[in-house]
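**Student:** Listed below, chain by chain, are the residues.
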Amino acid sequence: MKTLLKLLLAVCIFAAGIFTSRFLWPEKVASTAQAPVAKLFQGATKRSSGMNNTKEGKVIEVRNGESIQQAVTKAAPGDLIRVYPGTYKETVYIDKDGITIQGVIIKDEWPTLEGDKKLNDAFLYSGNNFTVENFRIQNFKGNGIMGQGGNNYVLRNNWIINAGVYGIFPEFGTNGLIEHNILTGIEDAAIYVGMCDNIDVRHNQVYGNVAGIEIENSRHALVEDNYTYDNAGGILAFITPGLPVKTAYDIIIRNNYVLNNNHVNFGAAGSIVSQLPAGSGVIVMAADDVIIENNFISGNNNSGITITDHKYGANLSNDPESDPNPDRIQILDNFMTDNGNKPIDRVKALMATQMSTKGPDILAVGGGSGSCIRDKNRYRSFGLDNYSQCMMASTDSIISYLLAKPLESPVVSGEMKGKMAFYGVCSGCHAFSVRMVGPPTITIQALYKDNPQGIADYINKPTHKRADYPEMPPQNYLTPETRVAVAKFMLSVTK
Amino acid sequence: MRRTLLFIVIAIVLFGAFKFYQTYSMQTRRSSFQLCDHCPPGFEQTADNRCKLSSMYQQFSSLKGKGVGGLQTALPEMHDGFSPQQIDLGRYLFFDPVLSADNSLSCAGCHKPEMGFADGLAHSVGINHRQLKRSAPTLWNVGFLNSFFWDARASSMEEQMSGPLFSPSEMGSTPEKLLAKLNNIDEYRQLFSTAFPGRKKDDTISMLEVCRSLAAFESSLVSLNSRYDHYAMGYHEALSAQEIEGLNIFRSFVARCAECHTPPLFTNQQIAVLGTPEPEGLPLDIGAEKTFRDSTMRAGFKVPTLRNIDKTAPYMHSGVFATLREAVDFYNKGRGHAVPKGEKLYLHWHIWDPKLTDYEIDRVVDFLKTLDDETFTPQVPAHVPSGLKETHTLSAYNQNKNKTE
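Chains R and B, in that order, are what the protein sequence lines are.
Its first residue numbered 1, the first sequence is counted upward by one per residue in our numbering.
Its first residue numbered 1001, the second sequence is counted upward by one per residue in our numbering.
Bound conformation, chain R alone (with noise of 0.2 Å):
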């Protein structure tokens, strides 16, 4: 109860800081905004907060009864997109870099993304470096807020309930902070870390759902401070065999209150989560290398902490890239109490073979090796016979999973984009010396020598020249670098 009041003192005394902000610093939101936020919070000074725009652009304002898609149409990156309280209902998608979402909180009035259960999800974003932050989400069909692709991503203080399948669920993406969420009444994981690389997921509490706090074929993830209660499972980490990307590991799952996930599993017929046991604290399926410290574990009814390989937790398609065995995990100190009040009748049989009728705080089924724990006396378990006592004795030297800095995209020269573009789009209607739907790289050097420009401006907006060939289509898709990028390549061919 302290952490949950404690919580929401964080979350106040945030938007209060928010919302003084706009007095104090009226013209540099787009640079303050993000930065005194994370300070609020312990070890915020070591981490790469505010990790995400570094460009400063200028600030766009939606108010009540207007549109963020069309502020984000509007945006480019660096631009801050401040929300007013109001309700907005709309699919809010990002196609574009460097974009910050921020909903403005004035006296607890939040600004709200209602589904009304039609729409499919509030924010689908591709773009990298994006921010969403201070949103109430709620009723969606599919996701609260859903990634694909982009990287640097940090979606925080948003307070998600109903929204569907999924609160958040960022998806291959690399570099991601989740912080500071409130979600409830998802019916599959309400965050889902699907694919990613380098993710803190931290602060967050999660109630009410199928699963909790789900990492999935992701890799270095910190899931730490989060409270998570009343689902049907608490925080799992996965391997789940037939997804393009087929390994778990580095993942850290510390400092969690895992409080009672004794709700009863709602999640859709066919869905992964809706074979989960309720009353599973922690699950581990086939990930490696999870390392479990000092969460408080209780109260829940099946199994404080459960281990497994894909053979006893999934009723899937098997994988043969995809390996099933859970290698390497290691249960350092954990406070565990009053778990296994009521087991399933699997986890019964397999209680009732050491003479007990409760189930365990710590369940150990199927293949995998080189697992430890420590002080193994501790709890009541099963299936640890073979974990030998860890060696290490805390994580406390990894203070977060974040890059040092954000991942930057690969840098291209102009000569090299002018190049892509040339033999991506070009090179399909121009050869070098002979006719093919349009005429030779050659003659068109030889008009335009020396000026790049011009092939530039005729791509951009070509007129029919010669009767003999067909009417060039406009290239107007390239930006106006890449034309003179790709007409400065056109002249430089010799073959």
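Mixed in with the good hints, there may be bad ones.
What the hints assert, rightly or not - Listed next, the in silico DSBU-like pairs over lysine-lysine satisfying Cα-Cα at most 35 Å (straight line):
no., chain 1, residue 1, chain 2, residue 2
1, B, 1064, R, 141
2, B, 1066, R, 311
3, R, 58, R, 405
4, B, 1200, B, 1052
5, R, 311, B, 1133
6, B, 1389, R, 246
7, R, 117, B, 1333
8, B, 1341, R, 348
9, B, 1344, R, 311
10, R, 465, B, 1369
11, B, 1066, R, 405
12, B, 1355, R, 141
13, R, 348, B, 1200
14, B, 1052, B, 1341
15, B, 1369, R, 488
16, R, 118, B, 1344
17, R, 118, B, 1333
18, B, 1064, R, 488
19, R, 117, B, 1355
20, R, 405, B, 1052
21, R, 246, B, 1344
22, R, 74, B, 1369
23, R, 405, B, 1064
24, B, 1355, R, 118
25, B, 1133, R, 495
26, B, 1369, R, 141
27, R, 461, B, 1112
28, B, 1341, R, 311
29, R, 117, B, 1341
30, B, 1064, R, 74
31, R, 495, B, 1052
32, R, 141, B, 1341
33, R, 465, B, 1052
34, B, 1344, R, 117
35, R, 246, B, 1133
36, R, 118, B, 1369
37, B, 1389, R, 495
38, B, 1112, R, 495
39, B, 1200, R, 495
40, B, 1344, R, 342
Note that these hints are calculated values from the structure, not bench results.
Position chain B relative to chain R; hints supplied.
**Tutor:** Positioned in the frame of chain R, the structure of chain B alone reads:
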């Protein structure tokens, strides 16, 4: 009477002259086969005469180098690096019916350039009008794939080729027969020695070289410049408002299309068990269960690319859906709705009951059509070195049509 005789004589002379001309022109034509010395569109020619893919997608990266992600994500590694001559030789082979046992059917018989390198049939048709069990997949972007056939039973393009070439119900040849025929055609011997300059002068054509040339040609079939790609590169005007709506439904977690048909290739190259219906009267196709000897993969098939999908109806391994709309609608009819009674299938977890509206299904179809790009379609050779003409196509098609009607 005399007139008739004269008429006959003239006819014979004319016919003879025509025949002579035909043979003569065939000879001149034959000796005029030249292999292209520059790379096909989409490829840069390196100093050592190799063709390397050059694409706008190369300015991006991808997680673990897997080539799956969002809009600005790198492609998976490609099977490229062939010489222009090998690619062009592959083009001749691809369109040459000499590769089949009865000289009736070329690769292009089932992978027609004008039909998205598929054939428009639910079940393709091999030599002697043998109806095959599955539909011919597109070859667009096949050079990026790491498994082949609907049931993923081959792991390289070269390995894949021996499937159709030597299957009795497809092209029906044998390696010995095929090589004997090719080695008997002077033109081919010459072309192979040009395309594979390292070999000894009197070396005969090898199967490895045939497969390598075909792989070279097929890997040149690149389609990455659709209107969708223009959008992905940042030109958002490339798609209409309705098409963007379609994109958002496609990647939403309600429809979940993008979870398996993941950009940039619109496939994650995994096996998925969908539970699509088989055409009436046909038994369940067990798919990948056979390949992996694993019952949990029963009726599993490789996730196909969706690029140029508008061109390759009918859909699914069995061609059971005639239109894109029907194919999309399948996913909206509920998990397992078409699984035969008594079958235990491990249906993919993303098969669920999304309850898309008709309007949403239409928008997804709109979006799928933005993946069309055939600008790099290669030229069909006017003549092939064997001098043979494809005779399979039309009769097979009619035969099949009659059957299904």
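**Student:** Which hint numbers does the structure go against, in order from smallest to largest?
**Tutor:** 6, 13, 14 and 25
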